[in-house]
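> Protein chains in written order, with my numbering: chain A, 1 to 247; chain B, 248 to 546.
There could be a bad hint or two in this list.
Here are the computed distance ranges between Cβ atoms for each label pair [claimed, not checked]: (1) VAL483/B to TRP113/A: 45 to 51 Å; (2) SER313/B to ARG65/A: 20 to 26 Å; (3) SER527/B to VAL243/A: 30 to 36 Å; (4) VAL471/B to SER60/A: 38 to 44 Å; (5) ASP343/B to GLN130/A: 41 to 47 Å; (6) ASP237/A to SER527/B: 41 to 47 Å; (7) LEU402/B to VAL243/A: 53 to 59 Å.
Rather than coming from a laboratory, the hints here were simulated on the basis of the structure. Even glycine gets a Cβ: it sits at the ideal position worked out from N, Cα and C.
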Amino acid sequence: MILEIRGLAVDLGGRGVLRDVDLRVSSGELVGLIGPNGAGKTTLLRAVLGLTPTRAGSVSVDGDRVRPRAGTVGYVPQRHELDWSFPVSVEQVVLTGRTGAWRPGRRPRVEDWRAVDRALELVEMQHLRQRQAGQLSGGQRQRVLVARALALDPGVLLLDEPFTGLDLPTQESLLVMLGGLAAAGRAVVLTTHDIASALYTCHRVVLLNRTVVATGTASELRHRTEVWTRTFGVGPDSPFLSVVRAS
Amino acid sequence: MSPLDFLGDLLNPDLRFLPKALAVAVMSSVVCGVVGCHVVLRGMAFIGDAVAHAVFPGLAIAFVVSGNLIVGGIVSGVLTAVLIAVFSQGGRLREDSVIGVFFVAAFALGVVIISRAPGYAGSLQQFLFGSLAGVPDRDLVVIGAVGLLVLAVLLVVHHPLVTVSLDREMARALGLPVFVYDLVLYVLVTLAVVISVQTIGNVLVLALLVAPAATARLLTDRLVVMMVVSPVIGAVSALVGIYVSWTWDLPVGGTIVLVLAAAFLVAWLVAPRHGLLARSGRLPAADDERAVLVTSAVQ
């Protein structure tokens with residue numbers, strides 16, 4: 001499974017947010033998308049999903065255009081997008097990940113519940129399937145959102161800021177889980193502000209600021225000062241660069 | 248008046264309007280109780296209020312030209328609901344601002360139209376606060392049919408509607424037409440309001456949408472249970488409200504709403520998990536959440 005983005009450009013409100021974005025992610029890869037606020041990370045994910053109109057370029061999975069109902073790309077939006085006060089259980093939240101392909105009036109079938117089982121098993125949340133979604137901790141909520149995205153068994157998984165608001169041990173366990181999903185043959189792309197974790201865990205890091213500034217493994221990028229200064233707009237003596245080199 | 252005397256009046260052929268009003272009130276309560284679950288869970292109470300006011304010009308026009316009030320209300324309410332949905336899509340104005348403009352304008356239009364009718368004051372009062380004798384025979388079947396239609400549509404769109412209500416961004420990513428489902432819900436709210444308005448009144452109908460669902464939410468953490476409990480609360484409150492109204496000669500709409508408010512207060516006090524008494528008699532919420540986490544970790 002290969003996600004391929006070619007020459008992507010996005011304008012929002014008459015302003016160019018992304019231009020000439022080229023990116024290729026293969027199955028088995030865990031890729032971290034890093035950039036400052038306003039760099040276009042979320043916009044890029046939304047454009048891949050077809051939620052944001054593009055001005056130019058193309059997005060494909062294995063050569064086919066991405067279509068929302070096809071279930072080839074799973075999406076994990078930021079945690080606050082979901083109304084956690086809604087009176088639903090964990091398994092019901094995960095089930096909603098399958099409703100996009102349903103015609104009106106269709107009820108959940110055995111195969112739907114089996115898919116929910118599989119998704120919950122992948123994120124190690126089967127024991128909490130009956131729990132009210134609002135009673136979960138931040139890390140557990142994130143796992144439920146990943147399970148919902150996996151409910152259609154997509155080959156590509158996109159996650160928008162999955163670590164925001166989580167403590168370090170929870171971030172680590174999530175990263176291990178995402179690494180496992182990639183190892184099982186999925187292409188996993190996540191946006192994050194946690195540069196140290198991304199460099200430490202992701203197979204590859206993409207530096208984005210309206211366009212792809214650089215891409216490579218942690219060891220390839222760590223000492224390339226110029227790509228970090230271009231991406232984040234900091235000077236060569238910024239303490240930020242020391243943190244990057246030490247990661 | 249004892250409940251047995253009330254039953255006698257319900258069966259009295261000279262008081263045919265009474266069982267008719269009871270039937271309409273119970274049907275309206277059941278439909279509003281189910282639709283109201285979505286209104287409460289999506290925080291749409293203001294939209295419900297707007298729709299309740301928006302049906303008024305249609306009712307007024309139908310009244311002035313001696314047309315069908317239900318048809319008039321539906322046309323007016325649906326038109327306003329669609330306008331609100333369309334004007335809210337641009338993102339330039341917040342939805343509550345658009346609603347504020349449209350519902351007041353619609354209500355004002357209704358007041359102007361009905362002021363042209365003979366017996367203006369009496370008609371206005373009946374529309375605003377409801378009446379036991381307000382339902383003509385021919386409307387009974389229409390109200391039943393519209394009520395069944397609303398419940399049937401809700402059953403058909405239940406799963407996608409829950410997906411949209413739960414997470415709009417994800418619903419879009421899944422390819423669900425979020426705007427269409429918003430529109431469907433607005434129209435269903437309008438229909439629920441229209442069939443209720445003659446008995447309970449334009450001003451008070453919001454309570455029928457919100458109070459039973461809010462009470463049910465206090466009593467359960469399960470959506471399906473909430474959707475069963477809410478119409479039951481609404482129907483029982485309508486029955487008790489009409490009994491009290493008939494016994495002490497009180498305005499029917501206001502009495503039903505007061506019974507609903509009383510049910511809400513009781514639930515707020517004694518609900519098993521979320522009631523005041525239950526909350527004050529156990530660990531604070533934060534400790535409770537920690538207990539859940541500890542249990543999960545052990546498992």
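> For every hint, state whether the structure bears it out.
Evaluated hints:
1. The hint said 45 to 51 Å for the Cβ distance between VAL483/B and TRP113/A, and at roughly 35 Å that hint is violated.
2. A beta carbon spacing of about 57 Å between SER313/B and ARG65/A contradicts the range 20 to 26 Å that was offered as a hint.
3. Judged by the Cβ atoms, the range 30 to 36 Å given for SER527/B and VAL243/A is violated: they are separated by roughly 48 Å.
4. The hint said 38 to 44 Å for the Cβ distance between VAL471/B and SER60/A, and at roughly 40 Å that hint holds.
5. The beta-carbon spacing between ASP343/B and GLN130/A, approximately 36 Å, falls outside the hinted interval of 41 to 47 Å.
6. Separated by about 58 Å at the C-beta atoms, ASP237/A and SER527/B break the suggested range of 41 to 47 Å.
7. The hinted range of 53 to 59 Å is satisfied by LEU402/B and VAL243/A, whose Cβ atoms lie roughly 56 Å apart.
Violated hints, listed in ascending order, are 1, 2, 3, 5, 6; each of the other numbered hints is respected by the structure.
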